[in-house]
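Asker: Residue-level listing of the chains:
There are 4 protein chains.
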Amino acid sequence: MMSIPLRDFRSVRLLAAVFAFCILFISSMFAQTDTSAPRSNASEKIIIDTDIGTDIDDAFAVGLALQSPELKILGISTAWGDTHLRARLLTRFLKETGHSDIPIAMGIAKERPGKPEILSQAPYAERVPADQKYPNAVDFLLEQIRLHPSEITLIAIGPETNLGAAIDRDAATFRKLKRIVLMGGSVYRGYGQFNYGKTHGPDPEWNILCDIQAAQRVFASGVPLYVMPLDSTQIKLQELERAEIFKAGTPLTDALLVLYELWSHGATQTPTLFDAVAVAYAMHPELCPTQPMRLRVDDQAYTRVESGPANAQVCLRSNSDQFLEFFLPRTVSSGVMAGANRTLKTVNVARIAERTPTR
Amino acid sequence: MMSIPLRDFRSVRLLAAVFAFCILFISSMFAQTDTSAPRSNASEKIIIDTDIGTDIDDAFAVGLALQSPELKILGISTAWGDTHLRARLLTRFLKETGHSDIPIAMGIAKERPGKPEILSQAPYAERVPADQKYPNAVDFLLEQIRLHPSEITLIAIGPETNLGAAIDRDAATFRKLKRIVLMGGSVYRGYGQFNYGKTHGPDPEWNILCDIQAAQRVFASGVPLYVMPLDSTQIKLQELERAEIFKAGTPLTDALLVLYELWSHGATQTPTLFDAVAVAYAMHPELCPTQPMRLRVDDQAYTRVESGPANAQVCLRSNSDQFLEFFLPRTVSSGVMAGANRTLKTVNVARIAERTPTR
Amino acid sequence: MMSIPLRDFRSVRLLAAVFAFCILFISSMFAQTDTSAPRSNASEKIIIDTDIGTDIDDAFAVGLALQSPELKILGISTAWGDTHLRARLLTRFLKETGHSDIPIAMGIAKERPGKPEILSQAPYAERVPADQKYPNAVDFLLEQIRLHPSEITLIAIGPETNLGAAIDRDAATFRKLKRIVLMGGSVYRGYGQFNYGKTHGPDPEWNILCDIQAAQRVFASGVPLYVMPLDSTQIKLQELERAEIFKAGTPLTDALLVLYELWSHGATQTPTLFDAVAVAYAMHPELCPTQPMRLRVDDQAYTRVESGPANAQVCLRSNSDQFLEFFLPRTVSSGVMAGANRTLKTVNVARIAERTPTR
Amino acid sequence: MMSIPLRDFRSVRLLAAVFAFCILFISSMFAQTDTSAPRSNASEKIIIDTDIGTDIDDAFAVGLALQSPELKILGISTAWGDTHLRARLLTRFLKETGHSDIPIAMGIAKERPGKPEILSQAPYAERVPADQKYPNAVDFLLEQIRLHPSEITLIAIGPETNLGAAIDRDAATFRKLKRIVLMGGSVYRGYGQFNYGKTHGPDPEWNILCDIQAAQRVFASGVPLYVMPLDSTQIKLQELERAEIFKAGTPLTDALLVLYELWSHGATQTPTLFDAVAVAYAMHPELCPTQPMRLRVDDQAYTRVESGPANAQVCLRSNSDQFLEFFLPRTVSSGVMAGANRTLKTVNVARIAERTPTR
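Protein sequences, first through last, are from chains A, B, C and D. Heads up: the first sequence begins at 12 in my numbering, then just goes up one per residue. Heads up: the second sequence begins at 12 in my numbering, then just goes up one per residue. Heads up: the third sequence begins at 12 in my numbering, then just goes up one per residue. Heads up: the fourth sequence begins at 12 in my numbering, then just goes up one per residue.
Some clues are possibly wrong.
One copy or two, it doesn't matter: identical chains are merged, so the pair holds either way.
Below, computed lysine-lysine pairings styled on DSSO-like, alpha-carbon distance capped at 30 Å [as the list claims (entries may be wrong)]:
#, residue 1, residue 2
1, 83, 209
2, 56, 247
3, 144, 106
4, 56, 121
5, 189, 83
6, 187, 144
No lab work stands behind these hints: they were computed from the structure.
Can you build the whole structure from these sequences, using the hints too?
Answerer: Now the structure itself:
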């Protein structure tokens with residue numbers, strides 16, 4: 012028999028860490044319960060505005076939403092550049108995954124002068140007929156808000172051009188959004204290789220850089236704003252996680268695999284799951300804890316911290332393990348989800364992982 | 012101007028998570044300070060007992076110790092199988108990294124009947140002359156304990172054969188270890204692909220399975236015991252982290268690269284950093300928070316939880332981001348560390364990460 | 012002005028090599044012409060008998076046949092193990108690539124006792140309803156021979172169980188095959204890492220090992236036999252070639268990508284294109300030049316060279332560059348091929364390759 | 012018993028291919044004999060002029076020369092950009108591989124204005140003291156020619172600045188080179204992904220582009236010139252070949268591994284073995300059969316074919332299998348080679364390859 016010596020528990024810091032750990036452990040147990048038994052009654056109405064087709068994270072983000080019974084997707088609109096080609100990409104993506112019932116709207120085809128947008132995933136989209144017609148995204152957004160005032164969460168994961176135009180058109184209606192969850196900005200951490208470690212300071216973030224004026228309008232719109240900046244969204248999809256997804260062989264993971272290969276040009280590239288963090292937040296805010304801040308979008312596309320009343324809830328740090336623990340089984344789940352009556356068969360990650368050790 | 016609505020902060024769980032996050036954030040700030048300015052006075056005397064040469068994590072663990080001014084390495088002993096070849100591997104590894112002053116001892120060459128140990132990294136070791144002589148590991152361990160009673164942390168990252176033999180030889184001296192930090196066991200989580208997610212139940216863990224009786228003696232020895240089981244040590248070294256290490260071009264990272272290629276047979280394999288967690292814990296216990304438990308090693312090599320007074324502090328969950336945030340810059344640091352007067356030049360991970368975004 | 016000294020052209024060997032090169036160069040120019048302008052009149056009627064679903068090369072072989080206007084595919088039959096599941100795999104594969112008009116037949120579900128066949132690509136097949144019905148492969152084969160006596164090339168790229176059964180049933184009809192092109196056997200070279208270099212001697216080759224008696228019957232059947240053994244079929248599909256295929260984004264390459272990921276478990280594995288060599292040979296025999304030999308299948312599944320009259324044309328060496336130069340653009344071609352009126356739009360590999368050099 | 016039908020051997024082309032194959036097969040048997048039993052008497056005196064440290068192929072080329080008893084290396088000189096840092100790289104490379112006896116000379120530090128050369132492998136070189144002194148490359152080259160008139164093969168695998176300067180200094184001595192084997196130029200094929208397949212037309216090739224005037228002088232020098240252009244040197248070192256090399260664990264392969272990781276930034280990149288083809292040619296010209304041509308270096312760095320008497324022997328096509336069959340075992344050989352008395356223990360590739368098949 013032995014007693015445990017306390018000589019290693021000297022510092023307040025350590026006790027604090029242990030305490031924090033306990034709380035996290037408890038909350039993660041809750042999280043697990045939630046994931047496996049989602050409250051179908053508590054459906055969150057969402058619209059996703061996305062520049063799917065350029066970087067690869069939009070596909071993972073939309074895929075996550077499709078797999079999530081917590082969310083009722085009223086529609087998906089396309090943003091930035093060739094929004095018609097992006098809409099065609101969505102048409103195929105939704106069809107292959109059994110979600111052709113979700114409306115698709117086409118956003119404003121804006122580009123930066125002299126910097127044409129190249130869609131890495133264009134070949135996927137081009138199998139949809141070029142004469143396919145889509146409703147206007149700004150019209151669609153405003154209509155939906157009018158139909159469901161104060162009920163819609165807008166998940167904005169592309170440049171905010173469509174949002175800016177909707178504010179210009181009808182700011183009063185726009186303000187009847189329940190909230191905006193936005194992937195964008197860079198508070199203390201810029202683009203980097205990891206979700207952790209030291210960093211050079213903030214960078215102009217892509218979604219904001221593309222249309223600075225639109226972003227400024229959104230931050231000043233008065234709609235409750237939840238910001239997922241570079242600080243907390245650079246979670247990587249590395250080799251082991253990609254393997255779990257790409258070998259799953261579901262309609263969704265097959266589509267993600269094909270899009271990934273187009274994006275990576277058939278080589279090994281590591282996706283950063285920026286946009287998927289925003290979608291996850293809309294369901295499970297504990298995956299990216301926020302704090303109130305006052306942010307201003309300056310004319311160089313930086314999101315500057317200012318004194319004064321908060322205008323956003325901002326997530327400054329996430330935890331890759333926790334995020335992937337949610338994201339991975341959800342994405343590979345083979346659950347059948349059609350329309351409002353979605354049932355989700357939870358995949359047993361444990362079985363996936365049942366491998367003999369390498370040594 | 013807007014005020015932040017509280018309507019999303021409904022649940023106690025969420026508040027708990029936010030609170031936990033804040034504490035973690037504060038403690039991680041302390042951790043960063045510590046890492047960059049280690050207290051050279053507070054050197055921890057350690058001996059490492061390792062089966063380096065089979066799996067690859069031992070090399071990363073020993074490498075981490077070599078880079079850590081918090082640790083004063085009294086010696087490294089080899090465990091299990093061809094302990095002479097393992098000692099030759101260490102001879103080259105320490106020479107190439109400028110640490111030939113660290114004593115190497117050779118442990119008991121035990122194997123499981125009919126299951127010969129194959130050293131994946133044998134070609135690295137074989138460049139050291141086959142007639143090299145090494146002192147006996149059990150003698151070495153007991154001598155060092157007598158020289159430094161109650162001061163030595165024994166980091167046991169191989170099968171515990173040498174420890175069992177030392178207890179048999181002189182249990183009273185063995186009990187004058189300050190503590191044992193042991194990679195071994197499996198409480199609730201068995202071998203798996205990830206450090207997170209659901210799991211099949213516990214497995215017989217390798218270090219304990221190899222020499223069950225030795226492990227049983229260690230768990231009953233009365234020495235303060237800190238256990239890092241499979242539950243918390245399956246942190247992966249994936250493509251991005253490997254790239255940071257292998258392109259660093261320091262003597263240590265070059266040696267790790269060569270050993271990795273031998274282990275992976277030139278293919279892409281993902282190391283699990285089991286043993287490195289034990290070394291990190293010896294310096295920064297907040298990286299793997301422990302709790303008191305009573306564990307019994309049964310005859311099938313399971314580490315069973317029992318009621319009764321605790322006989323170990325056990326870490327059941329770690330955080331990959333936090334661990335790698337410590338491990339990675341430490342490993343790639345080009346700091347010159349010779350003898351007692353080690354100075355560590357911290358590598359700026361931010362500069363490493365200064366890349367243009369992929370989109 | 013300078014004259015070219017001849018002092019380096021000393022040996023007969025060198026002159027021979029230069030001469031050989033010139034001839035090869037000329038013939039390869041012809042080959043290129045052929046590839047881009049296939050004679051649609053000269054259609055070769057083929058039936059493929061395949062164990063698709065276990066190793067990955069069958070999928071690449073069938074895919075190559077689908078893309079080849081030189082071939083008129085009368086049907087594809089499945090061999091070995093779960094032939095129904097293999098037929099379902101083909102059903103989806105043909106549907107996704109626009110070839111649902113090609114008949115599928117289900118072979119004999121034989122397995123080696125105690126060695127159940129595992130289909131790595133089962134999840135792909137399982138999306139086809141389990142109650143799908145298929146005609147019997149032996150019936151189908153004999154019927155087709157009767158319909159097209161002396162016109163059919165049977166491309167046998169699985170264990171030869173179905174062939175053996177057809178011989179047992181009606182040897183006279185079977186002999187009315189025009190020829191059999193068979194992937195199987197190992198004359199001087201066994202399984203290895205490369206298509207070149209020294210080798211341990213021959214190995215029992217899989218297709219023959221599975222059903223030795225069936226193979227013996229085929230080699231003694233009297234049908235003109237063209238054998239592609241391990242000696243010449245271990246052409247690898249490495250990273251650059253995989254990238255070209257998987258980023259092409261055609262219906263065929265998307266299907267191949269999904270099947271590859273299932274086979275490789277989401278990791279990096281290098282396919283060996285065994286079976287694709289047999290399909291290529293049926294169109295372009297210069298890609299695997301044969302010589303007459305007398306081969307006997309012994310009871311340990313070796314293909315022994317014997318003296319006596321030749322019973323097979325055997326290809327003992329191929330050239331990876333030449334094979335891939337044919338295989339790669341053919342596979343990634345986006346040409347539309349429906350029924351008899353196939354038109355093939357040749358892909359411009361040069362455009363694919365237009366990259367800036369890495370230095 | 013069956014007779015072999017000739018009905019498939021219809022075309023002249025096919026017969027030509029079969030004939031070519033037979034000759035190649037015979038010549039390759041000779042080649043194999045050569046490789047395993049090199050004539051030590053027939054030593055070729057060589058000097059290598061290299062821009063090692065930028066692209067990775069120079070390291071593989073120099074490594075191949077070090078492993079080759081057919082070659083007597085009089086010295087290695089560095090070309091282009093930071094020639095001092097390149098010389099330091101060579102100092103470490105030769106030391107680690109046991110070849111410190113080979114003289115190193117430092118070339119002219121020329122760069123293109125505004126285009127500073129970046130050495131990907133600088134960290135490897137920087138461990139050699141910055142004050143290391145090296146003789147002048149132009150002096151060294153001319154001295155060696157005077158010592159060994161008409162005996163030296165100059166293998167030029169960097170921009171030809173040093174050669175141009177030597178011609179300017181003393182054209183008469185320079186002409187006493189036995190020959191120049193030069194990696195450079197692009198006759199019909201430009202930079203591409205593969206060694207085969209269709210191509211866009213020729214490109215300005217790097218070594219010539221860097222110093223066009225020097226190249227023009229070399230092509231007009233009157234020294235017998237053997238040119239290995241982009242047409243025949245784009246042989247790739249893909250995953251399987253890299254694995255064979257990097258897991259070999261010899262001093263040379265360890266050094267190549269470390270240099271590769273610096274070059275690839277720790278990611279997966281595919282080297283193109285441009286320069287290694289030139290070194291191989293100097294020993295085994297059958298690996299890259301040449302033909303006489305008249306080439307002119309124009310002012311845009313193209314190597315234009317002109318009518319008139321030939322000024323070079325040019326290799327327009329090589330065979331990856333044949334090249335790698337020579338290159339791979341030679342590179343991984345663990346033979347001890349010191350000074351003039353090199354003995355080479357041939358590695359058995361067959362044993363390396365003894366793997367169970369994947370299916």
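Asker: Are the hints correct? Go through all of them and say.
Answerer: Against the structure, the hints:
In this assembly of identical chains, the alpha carbons of residue 83 and residue 209 lie at most 30 Å apart only when taken from different copies (27 Å versus 38 Å within one copy). When the C-alpha separation of residue 56 and residue 247 is checked against a cutoff of 30 Å, the pair qualifies only within one copy, where the shortest distance is 28 Å, while the shortest distance between copies is 37 Å. For the identical chains of this complex, residue 144 and residue 106 are neighbours both inside a copy (16 Å) and across copies (27 Å), given an alpha-carbon limit of 30 Å. Within a single copy, residue 56 and residue 121 get their C-alpha atoms as close as 27 Å, which meets the 30 Å cut-off; across copies the closest is 53 Å, which misses it.
Proximity of residue 189 and residue 83 under a CA criterion of 30 Å is satisfied intra-copy only: 14 Å inside one chain copy versus 58 Å between copies. Taking the shortest alpha-carbon separations for residue 187 and residue 144, only the intra-copy value of 28 Å comes in at or below 30 Å, while the best inter-copy value is 56 Å.
Every hint from the earlier list agrees with this structure, and none is contradicted.
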